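Participant: Residue numbers (numbering that gives the first Met the number 0), protein chains in the order written: chain A, 0 to 393; chain B, 0 to 385.
The reader is advised that the hints may include incorrect statements.
[What the hints assert, rightly or not] BS3-like, lysine-lysine: derived pairs with alpha carbons at most 25 Å apart:
{"hint": "1", "chain 1": "A", "residue 1": "K253", "chain 2": "A", "residue 2": "K155"}
{"hint": "2", "chain 1": "B", "residue 1": "K74", "chain 2": "A", "residue 2": "K253"}
{"hint": "3", "chain 1": "A", "residue 1": "K226", "chain 2": "A", "residue 2": "K309"}
{"hint": "4", "chain 1": "B", "residue 1": "K74", "chain 2": "A", "residue 2": "K127"}
{"hint": "5", "chain 1": "A", "residue 1": "K309", "chain 2": "B", "residue 2": "K74"}
[Unchecked claim] Covered, in the sense of this in silico footprint (three residues per stretch, anywhere, with C-beta under 8 Å from a C-beta of chain A), are these stretches of chain B:
{"hint": "6", "segment": "73-81"}
{"hint": "7", "segment": "84-90"}
{"hint": "8", "segment": "114-127"}
{"hint": "9", "segment": "234-240"}
Since the hints were derived computationally from the structure, they do not count as laboratory data.
Computed from a predicted structure; not experimentally measured.
For glycine and all other residues, C-beta sits at the position ideal for the given N, C-alpha and C.
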Amino acid sequence: MAMRRVAIIGSGQSRFRFRRDDATYAELVREGVRLALEDAGIGIERIGAVVYALAPDALIGVSNAERWGAEAVGVDKPMMRLNTGGATGISAVQAGFYHIASGLFDVVLVAGADKVGECGHAQVVLNKIWDPLYERALPLNAINMLSLSAVRYMAKYGMTEEHMAMTTVKNRHNAARNPNAHLRDEVTLQQVLDSPTLCWPIKRLDACPQSSGGAAVVLASEEVARKLCPRPAWVRGVGNCAESYFMGDRMGPKAPQDHADATALGHSFQAAYRMAGLSRPAEEIDVAELYAPFSNTEYHAIDATGVCAKGQSVRLMERGHFELDGPFPVNPSGGTQCTNPIAVTAMLRVIEAALQVMHKAGEHQVPDVQTAIASGNGGDHQFFGTMVLSSDPG
Amino acid sequence: MLGQVAIVGVAQTSGAAGNGRTLEECIHDTVREVLGRAGVTHEALDTIVAASSDQVDGRAISIMLTSGALGGYGKDVLDTPSAGEHALVLAWLRLLTGAYHAALVVSWSGLEVNDLRTVQNLSCDPIFHRQLGLHDLASHGLQAGAYQSRYGVDARAAAQVAAKNRAAGARNPLATLRTPVSAEEVLDSPVVAWPLRELMLPPDSAGVVALVLVSGERAAELGRRGAGRAAWLRGVGWSLDSYWLGQRNLAELTSLRSAAQRAYAMAGLRQPLAELDVAELHDVTAYHELMAYEALGFCAAGEGARLIAEGRTGPDGALPCNPSGGSLSDNPYFATGLVRVAEAARQVTGQAGACQVPGARLALAHASSGFAAQGNSVFILSGEAD
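With the rest of the complex left out, here is chain A (with noise of 0.2 Å):
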């Protein structure tokens, strides 16, 4: 049997800050979702069911905030939420798709919002996604988590803390173009090099900002998509795999996964490439919309994609390989380095790849896209989710 078709046919975004005072967190979805169906062009009444991008509760404060969020997205319709800590917004966009390939519904629409800013510190409440045990009382965080794969990294494939600060300094560059984006300051090498270090090897200008604001999708079945959007984004292919949990089983000559590495997130790209039928990534990828939160994990997520060999993306950024102008652009719209409301912030590389095969990305757009990809990276570099977006059908 062939599965359904799926497009992307709207989305929203509010433009991300640190604090949003004069929202509540159900406005804030409110705001991402008005935008969304806006953008596509339908009224709320058109809307079959809905999927919640909310990660941990603690971050909000207000537990299943869903259910308080129930009338920001239409009261007495089919919803659900989905958790995968950071890869959150990549699976609920992918639990739409599921609603519409199922043959259940026409029209998905998938919303969440964050307000990190407002946390307190994120990473005090990111300690507690580890277990009481072992690895709380570290403290590890998101940050020295991922320090350490960075070290590692660096030893493995010789990434320096130039290699890091070039993935800042051109993330910046892209965001500075991207309205939306939190982070829309242009920095240099040197600034980066300057910032005051979080966690060796990562200072201030390789870490993401505490973002807070909405997100939205509208997704279609390929009857409704056909009438409504003149250049939907097609759904060609999803992926999703699950890493081990503990930091200490990914390190040492005995780990069956090595912490510099992205693994499972290679086999999710994989497994979505073989959905969508792609077999030549580097050729037929356009661009991509990596989860990359710290400068150095764009590196192994690039390496994941398949489009070079683990650690030549550090040679290929070198000579501006990833670049907005460049033959293979990571991140255009300046990516989760510049913009991280945790909740949507995977549903966003969705949202900004389906606009750069929309060919909607205005300034950040990358010339005549046709396939994209987007990545989600959740838990403690734990579930990774993929999806393929096409203006092909297929």
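Knowing the structure of chain A, use the given hints to seat chain B on it.
Facilitator: Leaving out everything else, chain B in the frame of chain A:
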């Protein structure tokens, strides 16, 4: 036309049986048990959908630590913290696409949380509801009161529901409460949140529930297409009502009514009371079972009390409801809705043991979540393949 999806295995660990093991160990053991029962290997699973609650488990992104216990390493893992039963909905949707053939669905509720009421209060919005001290029980009390006054329901009807379910639970080896109570004892028990009395409420239990779902194709390969060999999902509906209690008509289970309409339309069910053989209802309180009769169309609005008084939902009635004892006998809080589905699957495959309704072939399972049953899901299960 929608594809075919069947539940080919269920397993459950109850709180008592989990003593001495960590939550992760209970999950691991339950998963091994359900895969064994289903005859599906871990390698053959192409998706794992869990439903975990950060608040109940006491850590952020609880699916992280539990993923290993689920066999999640290297697998496609998703998590639906909105409700235990939503994991089943999502796995079902995935199998319907035709791209996946075997799914593991798991939810759980630990007992280590210090105070479930405080945890529930944290799901109030910070501005209006939280200061009220609202939690599930208080909201259910408000709802039961609204229902009782709207239809002039005698408290005796709710007491009869509690007595019926506790009598059934006494036969269920997985239940937490296994002593029957009489309607008089229920009416004599202290008021906890008016009009709810202590014996009209579920206990706080712990537990893990796991199901294996397969596509029609895979069910055939496993030799599960014969009558009573699998529980086929014939209809599924789920819905979420308004959050604001002040905007809702609390005397009706609005989202249950619309979830049921969707599930019935899908299953081609017109007269549920006559056509169904058994129902497992999420009795978050005894009053809520009466309200569910009405929202599910077993009777007209306000007629729930008559249904129980006539014994039509009792063990010898036209439609036995909660032969497992329902959540009034066992209530692993966040997973209780999914337990209702597991019980219904046992019924239509003839595996319900002492709780078995003889000859049950078509079952309904109902699951509920949130304040004043804001969210509801309905599943129609058949023991017959099409």
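Participant: Hints first: check each against the structure and report whether it holds.
Facilitator: Quick rundown of the hints versus the structure:
With a C-alpha separation of about 16 Å, the suggested pairing of A/K253 with A/K155 holds against the 25 Å cut-off. At roughly 21 Å between alpha-carbon atoms, B/K74 and A/K253 fall within 25 Å of each other, so this suggested pair holds. A C-alpha spacing of about 43 Å is found between A/K226 and A/K309, which places the hinted pair above 25 Å, so the restraint is violated. For the suggested pair B/K74 and A/K127, the alpha carbons sit about 24 Å apart, so the restraint of at most 25 Å is met.
The straight-line distance between the Cα atoms of A/K309 and B/K74 is roughly 22 Å, inside the 25 Å bound, and the hint therefore holds. With 9 residues carrying a beta carbon less than 8 Å from a beta carbon of chain A, the segment 73-81 of chain B meets the three-residue requirement, and the given coverage holds. A count of 3 residues in the segment 84-90 of chain B with a Cβ less than 8 Å from any Cβ of chain A is obtained; the coverage claim is therefore met, three being the minimum. Remark: the segment 114-127 of chain B is confirmed as covered by chain A, as 7 of its residues place a Cβ nearer than 8 Å to a Cβ of that chain, reaching the required three.
For the segment 234-240 of chain B, the stated coverage by chain A is satisfied: 5 residues place a CB nearer than 8 Å to a CB of that chain, which reaches the threshold of 3.
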